[in-house]
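Protein chains: 2
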Amino acid sequence: MQRSWWGWGNVSDAVRGAERDALVARVRGLLPDADLTPHDPPDVASLHVPAPRVAPPASLAGLCTTDAEDRLAHARGQAYRDVARNLAGDLGEVPDLVVRPRSEQDIVDVLDWCARDGIAVVPFGGGTSVVGGVEPRLGDAYPGVVTLDLERLDRVLEVDRTSRAARIQAGVLGPALEEQLRPHELTLRHFPQSSGAGPSPDRLFLGSEGTLGVITEAWMRLQDRPRWRVQASVHFRDYGEAVAATRAVAQSGLYPANCRLLDPAEAFLNAATSTTGGVLVLAFESADHPVDPWLARAVELCKDHGGSVPSYEDEGPDAAGSWRSAFLRMPYQRDVMAQHAMIAETFETACTWDRFEQLHTAVTAAATEAIREVCGVGVVTCRFTHVYPDGPAPYFGVYAPGRWGSLVSQWDEIKAAVSDALIANGGTITHHHAVGRDHRPWYDRQRPGVFAAALTGAKRALDPAGILNPGVLIDPAGA
Amino acid sequence: MQRSWWGWGNVSDAVRGAERDALVARVRGLLPDADLTPHDPPDVASLHVPAPRVAPPASLAGLCTTDAEDRLAHARGQAYRDVARNLAGDLGEVPDLVVRPRSEQDIVDVLDWCARDGIAVVPFGGGTSVVGGVEPRLGDAYPGVVTLDLERLDRVLEVDRTSRAARIQAGVLGPALEEQLRPHELTLRHFPQSSGAGPSPDRLFLGSEGTLGVITEAWMRLQDRPRWRVQASVHFRDYGEAVAATRAVAQSGLYPANCRLLDPAEAFLNAATSTTGGVLVLAFESADHPVDPWLARAVELCKDHGGSVPSYEDEGPDAAGSWRSAFLRMPYQRDVMAQHAMIAETFETACTWDRFEQLHTAVTAAATEAIREVCGVGVVTCRFTHVYPDGPAPYFGVYAPGRWGSLVSQWDEIKAAVSDALIANGGTITHHHAVGRDHRPWYDRQRPGVFAAALTGAKRALDPAGILNPGVLIDPAGA
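So the sequence lines, in the order shown, correspond to chains E and G. The opening position of the first sequence corresponds to residue 5 in this note's numbering, with each subsequent residue numbered one higher. The opening position of the second sequence corresponds to residue 5 in this note's numbering, with each subsequent residue numbered one higher.
Honestly, the hints are just simulated from the structure, not real lab data. It cannot be assumed that every hint is accurate.
[What the hints assert, rightly or not] Computed footprint of chain E on chain G, listed as stretches where at least three residues anywhere in the stretch have a Cβ under 8 Å from a Cβ of chain E:
1. 85–96
2. 170–182
3. 425–434
4. 451–460
[Stated by the list, open to error] Short, incomplete list of chain E residues facing chain G, as computed with Cβ under 8 Å:
5. 26
6. 29
7. 33
8. 34
9. 35
10. 38
11. 139
12. 227
[To be verified] One side of the interface only, derived from the structure: several residues of chain E facing chain G at Cβ under 8 Å:
13. 18
14. 156
15. 172
16. 213
17. 220
18. 224
19. 256
20. 342
21. 437
22. 465
Where is the CB? At the ideal position from N, CA and C, for every residue including glycine.
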């Protein structure tokens, strides 16, 4: 299929014949006095596209083209003003070369060449920018301009059926992407656009932990106070089945208000409930409509995975209520346990569903082994504090007898062991507890280097004196 | 209520008496050999907290305290290791002063003083960091450390009932916040935590439009292919009622797969449907469960706002299907219209619900006036491409006869007029079309200055040669 150099999409799909006549007739009906004389697009040969000002090194020549029509097709995007200028034969600035890398290494090589020679680089994905995003408008500020067309990076590299995610190359077009996902019975089901208005200012400051400035106020999304609320506690005989049930609910599109899986130890300690596989606490709420059908479907999903909902008569007070009461007292209880020389602390993470079993096994083993070495005996618990379609946020508890005078060093030893295990098994060093100073060593391993550089650049610009929460997240400027 | 300087929450809520006995008994049951001898927290007077190393300027002295217990209470967060160190009388580093600003100006003054004198500043919100986030661990790298406690910034400053949002000061605690929201029958309904693992790397690169690097691949969230799908087209007699109905659906928690309001002109031009108030195209889909009850409730909400669902017999082909077919042909039709010297272009924005009516009126007026001046006659349409609980993303269409040879300058004049009107009426310069070069002047007005500085700092760090899509979003380094 040949793509149009001056307008939208494929030449063979253009509006012509009866469709064109009907369209023009509709426009004439709407605007009877309009001059609707048609104009053909100019011949490319007649446009005298200027010769390229730069040449690639021999090693990159095979990726590059200087074809005039190809360069014109990359000179602008797909806004009306782009099409109108193309139709009028108004060239503007045309890239000197179009480069089509086949790999990340090709891109590195192209960028190295351009950085060395000061050549501007315009990345080009679908090429449908309607805001002048792929158009060089540089005058003679640069010796040349290269358009980096990603169309050869068009593959789905990896599919994670369990977490419902795929690793997708940046140059793939929607239909070709869906074709690659279809054999997996998966779909993107939305249409990513260029972006909003630039990178998100909120997301740079959220989580900056006082290192970039002081957040003094924010507009926050609110909810109407719920009028309908239903809940259930689902018991499981097998923890693996409980996890599978929780994933099914998280991926169902039912949007529970609460979906918290307690493992058997957590359910026993804090919800006074004995099970062999744990308890899933479920709740739905709404200010708009009764939500019983939502809960019914979620419970049905749990039953498909071996869950059961005991009647209150059998079980005494419900697990959800007991757990909520215990939750509110936990930090106060922690203080008393510390006074009695007990180690009582939590740590948390997030991972994708496909990695949870391995992570849970490895982290529990690391915690158990560290407790054995440091304290002799102890208990490790796990609950999910949050679940997403992509994965859970597991939250672990550690309870063990410490030695008065050595509590901090004992805990630090356990913490280091479990943090290593989290990072080694695909977990994040934190889901919502933040980084601070304590998580710095593992955050430094987890955070992409290129983002560390960006963050350091941002901090230098905003906090030149380096006084804002020094040492949190990144080192202060000059350190 | 007195807060504990060494442990959690309020002194009066501590675990004591029978609750404490029961807790210790449970621990003993779990770990029979543990030494559970209790230890009392140390007297503050016995701890010899060092004297402050810095003194505030007289103008800020009224905001500052050097009280030893207050400084200790701000020396660390609420992790187990914090409590254990407090109990052991292990002081660590204690801030020299605690400052409690009453306003943003107070904060500016404090930061100015500290930047001038090189004093470290630790922002302090709820003070519940469990990761060493509020703890100075600076040795003698700074002449002093000030903790900036935001507790006096504890008010809800503004409530937008229509968009369900509030402007909230950063120092308010959860219960006090809910108390202020309750008279409005609103609730936050979630519990914001410190953060994830630092600011979001993805959100810095998403929308960076090739100015910071080249995105080569990404893990993307997928969906199971839907098995159930239902849809309806709801007709309205009054556009204001149609907007209210759309807002009700967007805020209902029903999560429609499609919720697209076409104004009467858009419905007529592209869905061949005549109404006085427009058409709301609704769809629900799921891979997990039938969604008829979801659609039924959404239609009910629409009927509460004057909507009606005509039977197919009355209306011929459904509006949703007609509109979808038209949508796919639109860019091809645009090319033909350009060939016939028609101006046919769109622009889009996002706003909160409370601002939509004014924005719609003002932008439509600006577009109409500009069309009148530039083209004589023409049509302006509006649809919502996306809706959120907070507000819609209105998408406008402009169709007018142009003059061959002047199409671009004619459109540019209209575009400038509507862009000014968008920014002046609380809209963003783009919802999903991005910034590029065309939106730069308005993006520069919309983007916070402090974020421009951060972005420039990040670009300098990542693209020192200034070659990456120069001029998009921000000026290249050195320009």
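Structure-based check of all given hints:
1. A count of 7 residues in the region 85–96 of chain G with a Cβ less than 8 Å from any Cβ of chain E is obtained; the coverage claim is therefore met, three being the minimum.
2. Counting residues of the region 170–182 of chain G whose CB falls under 8 Å from any CB of chain E gives 5; the rule of at least 3 is met.
3. Here the region 425–434 of chain G counts 3 residues with a CB under 8 Å from a CB of chain E, which clears the bar of 3, and the coverage holds.
4. Counting residues of the region 451–460 of chain G whose beta carbon lies closer than 8 Å to any beta carbon of chain E gives 8, which reaches the threshold of three, so the coverage claim holds.
5. The closest approach between the C-beta of residue 26 of chain E and any C-beta of chain G is roughly 10 Å, which is over the 8 Å cut-off, so the hint fails.
6. Annotation: residue 29 of chain E was flagged as interfacial toward chain G, and the flag is violated, the nearest CB pair being 11 Å apart, outside 8 Å.
7. Below 8 Å, beta-carbon pairs count as interface contacts, and residue 33 of chain E has none with chain G, the closest being about 11 Å; its hint is therefore violated.
8. Residue-level restraint check for residue 34 of chain E holds (minimum Cβ-Cβ distance to chain G is 7 Å; threshold 8 Å).
9. Evaluation of the residue 35 of chain E hint against chain G yields a held restraint, the C-beta minimum of about 5 Å falling below 8 Å.
10. Hint status for residue 38 of chain E relative to chain G: holds, with the closest Cβ pair at about 3 Å, below 8 Å.
11. At about 6 Å, the closest approach between the beta carbon of residue 139 of chain E and any beta carbon in chain G falls short of 8 Å, and the interface hint on this residue holds.
12. Because the beta carbon of residue 227 of chain E sits about 4 Å from the nearest beta carbon in chain G, less than 8 Å, this interface hint is met.
13. Using the Cβ-Cβ criterion of 8 Å, the hint placing residue 18 of chain E at the interface with chain G is satisfied: the shortest such distance is roughly 6 Å.
14. Taking 8 Å as the C-beta cut-off, the interface hint given for residue 156 of chain E is violated, the closest approach to chain G being about 11 Å.
15. Checking residue 172 of chain E against chain G by beta carbon gives a least distance of about 5 Å; that is within 8 Å, so the hint holds.
16. The criterion of a C-beta within 8 Å of any C-beta in chain G is met by residue 213 of chain E, whose closest approach is roughly 6 Å, and the hint holds.
17. Annotation: residue 220 of chain E was flagged as interfacial toward chain G, and the flag holds, the nearest CB pair being 5 Å apart, inside 8 Å.
18. Hint on residue 224 of chain E holds. Least Cβ distance to chain G is approximately 5 Å, under the 8 Å limit.
19. With its C-beta approaching chain G no nearer than about 4 Å, residue 256 of chain E sits inside the 8 Å limit, and its interface hint holds.
20. With 8 Å as the threshold, the beta carbon of residue 342 of chain E comes within range of chain G, its nearest partner Cβ sitting at about 5 Å, so the hint holds.
21. Of the supplied interface hints, the one on residue 437 of chain E holds, with its beta-carbon coming within about 5 Å of a beta-carbon of chain G, less than 8 Å.
22. Interface restraint check: residue 465 of chain E against chain G, minimum CB-CB distance 3 Å, threshold 8 Å, status holds.
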